[in-house]
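Starting from the known structure of chain X, fit chain P onto it as the hints suggest.
In case you want the letters, here they are:
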Amino acid sequence: DGGITQSPKYLFRKEGQNVTLSCEQNLNHDAMYWYRQDPGQGLRLIYYSQIVNDFQKGDIAEGYSVSREKKESFPLTVTSAQKNPTAFYLCASTEGNYGYTFGSGTRLTVV
Amino acid sequence: QKEVEQNSGPLSVPEGAIASLNCTYSDRGSQSFFWYRQYSGKSPELIMFIYSNGDKEDGRFTAQLNKASQYVSLLIRDSQPSDSATYLCAVNPPGSARQLTFGSGTQLTVLP
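Chains as they are written, first to last, in the working numbering: chain X, 1 to 111; chain P, 1 to 112.
Keep in mind that the hints were calculated from the coordinates and are not lab data.
Mimicking DSS-like on lysine-lysine, the simulated pairs with C-alpha atoms at most 27 angstroms apart in a straight line are: (1) LYS14/X / LYS42/P; (2) LYS57/X / LYS9/X; (3) LYS42/P / LYS71/X; (4) LYS83/X / LYS14/X; (5) LYS70/X / LYS57/X; (6) LYS14/X / LYS57/X; (7) LYS42/P / LYS9/X; (8) LYS9/X / LYS71/X; (9) LYS71/X / LYS57/X; (10) LYS56/P / LYS67/P; (11) LYS83/X / LYS9/X; (12) LYS83/X / LYS42/P; (13) LYS70/X / LYS9/X; (14) LYS57/X / LYS83/X; (15) LYS42/P / LYS57/X.
Computed footprint of chain P on chain X, listed as stretches where at least three residues anywhere in the stretch have a Cβ under 8 angstroms from a Cβ of chain P: (16) 29-41; (17) 45-58; (18) 93-99; (19) 102-109.
Pairwise CB distance ranges, derived in the manner of DEER restraints: (20) GLY3/X / GLN80/P: 24 to 32 angstroms; (21) GLU62/X / THR109/P: 34 to 42 angstroms; (22) ALA68/P / ASN18/X: 45 to 53 angstroms; (23) ARG107/X / PRO81/P: 24 to 32 angstroms.
Beta carbons: idealized from backbone N, C-alpha and C, even for Gly.
This is chain P alone, in the form it adopts within the complex:
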């Protein structure tokens, strides 16, 4: 079983819609969770991190964490074509210091 799982997509949404990206993880003691955006041919850039159960909002982005169910999600409101990218979920498993384990990413396309 993969430690961090994401639907590979592709996920397509129309411009202005809400895009919902999901991630599940296997290590129940994981404490820190991160979402990265990666444009084609570029390196990942951090867009959100969340440590506590519940929601965390930053502009058009909302991260949701449910440790009991071991999933973390990213909502993008008012999606724009510039949001088209691959979104990587990363988890800090217990006992791994600051090391992150990444999912394989979900490719999002926002259609004009």
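Isolated chain X (complex conformation):
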């Protein structure tokens, strides 16, 4: 079945540590996105990529980095520069103008 796989489902980060969230899709979609959702809030765009080897900052890119070396993969690294990383992270992809397909999300907690 086609879809988007995010891993891990839960992730714990220590102070000063970088962590990487995985996002893989087998939908053959060109565009991929990373959003952050805080409790009771909407989705805020971190980074997006329209094609391989190209990506752009979203509204809240500070403290995050991404890569797009393959069409299927769009990993997100939360760096130590992100001072408040505890949130629910959602990866999405799309083709055409039919809305996003979302992965199941990664819940990141600072310990």
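For chain P alone, kept in the frame of chain X given last:
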């Protein structure tokens, strides 16, 4: 001013009633509009999209779009307890390719 605004709720309706969820947007040239349902702790799932003024029906769901007034709404007929979730409105602003801007969501509770 937020680009996409929704009443945060919570909105409570009795089982079997019609639930009405509203969304306004600021970019007049926006062309595509989406409604997502998000259960607690889960990721959003697409339930409706609408591009043209008027109504679009899919089962118990009806999306209504009025571009002149810059609002889009979602009606849920014969509401069921399983419809209890947060509903996110998303808009594709002009010049943003396929990128969506989301509202903060309306929490709906359907009471048995």
